[in-house]
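Colleague: All chains, please: the whole structure from these sequences, using the hints.
Top line first, the protein sequences correspond to chains W and R.
Using this note's numbering, you'd call the opening residue of the first sequence number 1 and step up by one each time.
Using this note's numbering, you'd call the opening residue of the second sequence number 1 and step up by one each time.
Derived from the structure by calculation, the hints contain no laboratory data.
Heads up, some of the hints might be wrong.
Simulated restraints, written as ranges between beta carbons of each label pair [stated by the list, open to error]: (1) W:S64 <-> R:G425: 55 to 61 Å; (2) W:K83 <-> R:D307: 46 to 52 Å; (3) W:H54 <-> R:E68: 16 to 22 Å.
Now the stretches of chain R that chain W is said to cover, found in silico as 3 or more residues with beta-carbon under 8 Å [to be verified]: (4) 22 to 36; (5) 65 to 78; (6) 117 to 130; (7) 193 to 199; (8) 333 to 347; (9) 366 to 378.
Here are the simulated lysine-lysine pairs, PhoX-like style, with alpha carbons at most 25 Å apart [claimed, not checked]: (10) W:K72 <-> R:K103; (11) R:K373 <-> W:K62; (12) R:K130 <-> R:K90; (13) R:K229 <-> W:K92; (14) W:K62 <-> R:K33; (15) W:K62 <-> R:K31; (16) W:K92 <-> R:K257; (17) R:K103 <-> R:K144; (18) R:K229 <-> W:K78; (19) R:K479 <-> R:K424; (20) R:K235 <-> R:K188; (21) R:K374 <-> R:K185; (22) R:K94 <-> W:K89; (23) W:K83 <-> R:K148; (24) R:K148 <-> W:K78; (25) R:K355 <-> W:K92; (26) R:K373 <-> R:K235; (27) R:K235 <-> W:K78; (28) R:K257 <-> R:K269; (29) R:K103 <-> R:K235; (30) R:K229 <-> R:K249.
C-beta atoms are modelled at their ideal positions from N, C-alpha and C, and glycine is treated no differently.
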Amino acid sequence: MNISKETVKYISNLARIELTEEEIEKFSLQLNDILRYIEQLKEIDITNISPTAHILPISNVKRSDEPRSSLKIDEVLKNAPQKEGLFFKVPKVIE
Amino acid sequence: MNRIPIGIRLNLKFDMEFETVIGLEVHVHLKTKTKAFCGCSTEFGNEPNTQTCPVCLGLPGSLPVLNEKALEYAVKVALALDCSAQEFIKFDRKNYFYPDLPKNYQISQYDMPIGLNGFLEIDLDKERKKIRIKRVHLEEDAGKLIHKQDGAYSLVDYNRCGIALLEIVSEPNINSPQEAFEYLKNLKLIIQYLEVSDCDMEKGSLRCDANISLRPKGEKGLGVKTELKNMNSFKGVRLALEYEVKRQKDLLSNGKKIIQDTRLWDENKQLTFSMRTKEEAHDYRYFPDPDLAPFTLSKEFITRIKDDIPELPQQKIENYVKDGDLTRKEAGEIASDKNLSLIYEQCIDIYREPKKMYNWLTGPVLAYVNDRKKSIADLNLEPKELAKLIQYVSNGKLNNTAAKDALFSMLDEVKDIDTIIKEKGLTQVSNEGELEEFIERVLKENSQSVQDFLSGKENAIMFLVGQTMKLSKGKANPKKVKEIILRRLRDVS
Ligand SMILES: [Zn+2]
Chain W
1 MNISKETVKY
11 ISNLARIELT
21 EEEIEKFSLQ
31 LNDILRYIEQ
41 LKEIDITNIS
51 PTAHILPISN
61 VKRSDEPRSS
71 LKIDEVLKNA
81 PQKEGLFFKV
91 PKVIE
Chain R
1 MNRIPIGIRL
11 NLKFDMEFET
21 VIGLEVHVHL
31 KTKTKAFCGC
41 STEFGNEPNT
51 QTCPVCLGLP
61 GSLPVLNEKA
71 LEYAVKVALA
81 LDCSAQEFIK
91 FDRKNYFYPD
101 LPKNYQISQY
111 DMPIGLNGFL
121 EIDLDKERKK
131 IRIKRVHLEE
141 DAGKLIHKQD
151 GAYSLVDYNR
161 CGIALLEIVS
171 EPNINSPQEA
181 FEYLKNLKLI
191 IQYLEVSDCD
201 MEKGSLRCDA
211 NISLRPKGEK
221 GLGVKTELKN
231 MNSFKGVRLA
241 LEYEVKRQKD
251 LLSNGKKIIQ
261 DTRLWDENKQ
271 LTFSMRTKEE
281 AHDYRYFPDP
291 DLAPFTLSKE
301 FITRIKDDIP
311 ELPQQKIENY
321 VKDGDLTRKE
331 AGEIASDKNL
341 SLIYEQCIDI
351 YREPKKMYNW
361 LTGPVLAYVN
371 DRKKSIADLN
381 LEPKELAKLI
391 QYVSNGKLNN
401 TAAKDALFSM
411 LDEVKDIDTI
421 IKEKGLTQVS
431 NEGELEEFIE
441 RVLKENSQSV
451 QDFLSGKENA
461 IMFLVGQTMK
471 LSKGKANPKK
481 VKEIILRRLR
491 DVS
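Modeller: Laid out in structure tokens, this is it:
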């Protein structure tokens, strides 16, 4: 597996991170190093090991369907860069 | 070298018959009091953003915890749709950026969903068909965006964000818009029987997207599909699919290609149009959500949920046909509403006349529901009283007109049938002496009709019976009236 500069551009776009040409070059090399390191795991025989869904040995964590109080509206909107009435206000987004 | 003239080759193509292949994705809101992963209320129609908290707003450091009711409801639907019960399930993150999703990912299920490989039966003209269900999985809903008219910005309300949403995905073995319609009708009915969702498309508690492609008849591979969105009713789904079948058929018959895209249904213009999405938007990079531990569902848990599933509409239809000499169609009408079917069952337990019960429920009772704009659920209908009313018609105590009046009064005034009959003096008059008085007057006042009858116009008798009914304010027994009039007129002639 080789992480090309195109792949880095694609990933950064998916993550909405703007990169300079220099950074793209740098990350392409670094990501290749990381992947090569991970590749070593392939050497281990995992035929009888089921995939890990969660790293902690816990399961079935749930709660009863009882309402709890929500945040107060001024707290809800406190960190919003922009608001209008009780709404969050966001730039127009075309899907 | 291929020596067949090109014209003939093309003609073969023009005459080609196509098979329609449809797959449906249905989303339903689960009727839990609180959201899927936090304690915020799910109540509909409140002030924007007043039902939000750090979890559903995706604030850093908050941790989601699954609502056990949502899990139960989801398993219930999966089992009712004959999915194999999954012992191990987990939640995954579906990553995408859109302002209706504050975390920039949706908690969903990828490879270990609640249910797999189920089916649902639909009734077609001549046969029944199993529509296979690929998967049933639990996820959270997104918030609501309001795009401002001038298009400069959007407003977001996160009250809906995080509400438990069940996605039910069919296999692409639906072969016509009508089959899709029947599938949706039955799916909605099953979910309503389970009482886990309102399935109200207008309120957005049920939504449906469709994938559709055509392929030459007999071919195994799938054609290029389009995805249809924005249908606001089951009828809308059928219309959008019908439109799309025709559009794709026209393109293919003219040797053109289908372009894979997402299309929106325009209800006013009655057509679908391309949404032109960016392809990359569909790279969701699913991975297990580290904030949510997986679930192991014990056999006891699954058995408990299974035992809690009520008799479903298909089973009811079978029973009504078998024990009640109703046709499949009639049985289906009764089973099309859980409350109606409960009333029916209680009524025939008291008075075993299934056909009469069917006629009364689908006739006068539904007429009342429509007239008063009520739902069957909030009718004050005592099965015992309805059964009694129908018995009174059978034994001649009430005639049909009076009985319908009595039913309406009984439901309006919430009184028992005997009280209504007494108060309104509705008891049918069958007593010959009383009837003679009415008939005497009618014959005197309508001598022309009497002459008509005597000179051979048989129909005139109905007019005379009608006049007698009117005079008796609907209480006379019409059969008796006709008998007496006939007897009297024969005596004259
Ligand atoms: Zn919340």
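Colleague: Each hint needs a verdict: does it hold in this structure or not?
Modeller: Taking the hints in turn, this is what the structure says about them:
no.	hint	result
1	W:S64 <-> R:G425: 55 to 61 Å	56 Å, holds
2	W:K83 <-> R:D307: 46 to 52 Å	49 Å, holds
3	W:H54 <-> R:E68: 16 to 22 Å	18 Å, holds
4	22 to 36	holds (count 3)
5	65 to 78	holds (count 7)
6	117 to 130	violated (count 0)
7	193 to 199	violated (count 0)
8	333 to 347	violated (count 0)
9	366 to 378	violated (count 0)
10	W:K72 <-> R:K103	20 Å, holds
11	R:K373 <-> W:K62	41 Å, violated
12	R:K130 <-> R:K90	28 Å, violated
13	R:K229 <-> W:K92	21 Å, holds
14	W:K62 <-> R:K33	15 Å, holds
15	W:K62 <-> R:K31	17 Å, holds
16	W:K92 <-> R:K257	33 Å, violated
17	R:K103 <-> R:K144	14 Å, holds
18	R:K229 <-> W:K78	35 Å, violated
19	R:K479 <-> R:K424	22 Å, holds
20	R:K235 <-> R:K188	14 Å, holds
21	R:K374 <-> R:K185	21 Å, holds
22	R:K94 <-> W:K89	24 Å, holds
23	W:K83 <-> R:K148	13 Å, holds
24	R:K148 <-> W:K78	22 Å, holds
25	R:K355 <-> W:K92	59 Å, violated
26	R:K373 <-> R:K235	21 Å, holds
27	R:K235 <-> W:K78	43 Å, violated
28	R:K257 <-> R:K269	24 Å, holds
29	R:K103 <-> R:K235	35 Å, violated
30	R:K229 <-> R:K249	20 Å, holds
Violated hints, in rising order: 6, 7, 8, 9, 11, 12, 16, 18, 25, 27 and 29; the structure is consistent with all others.
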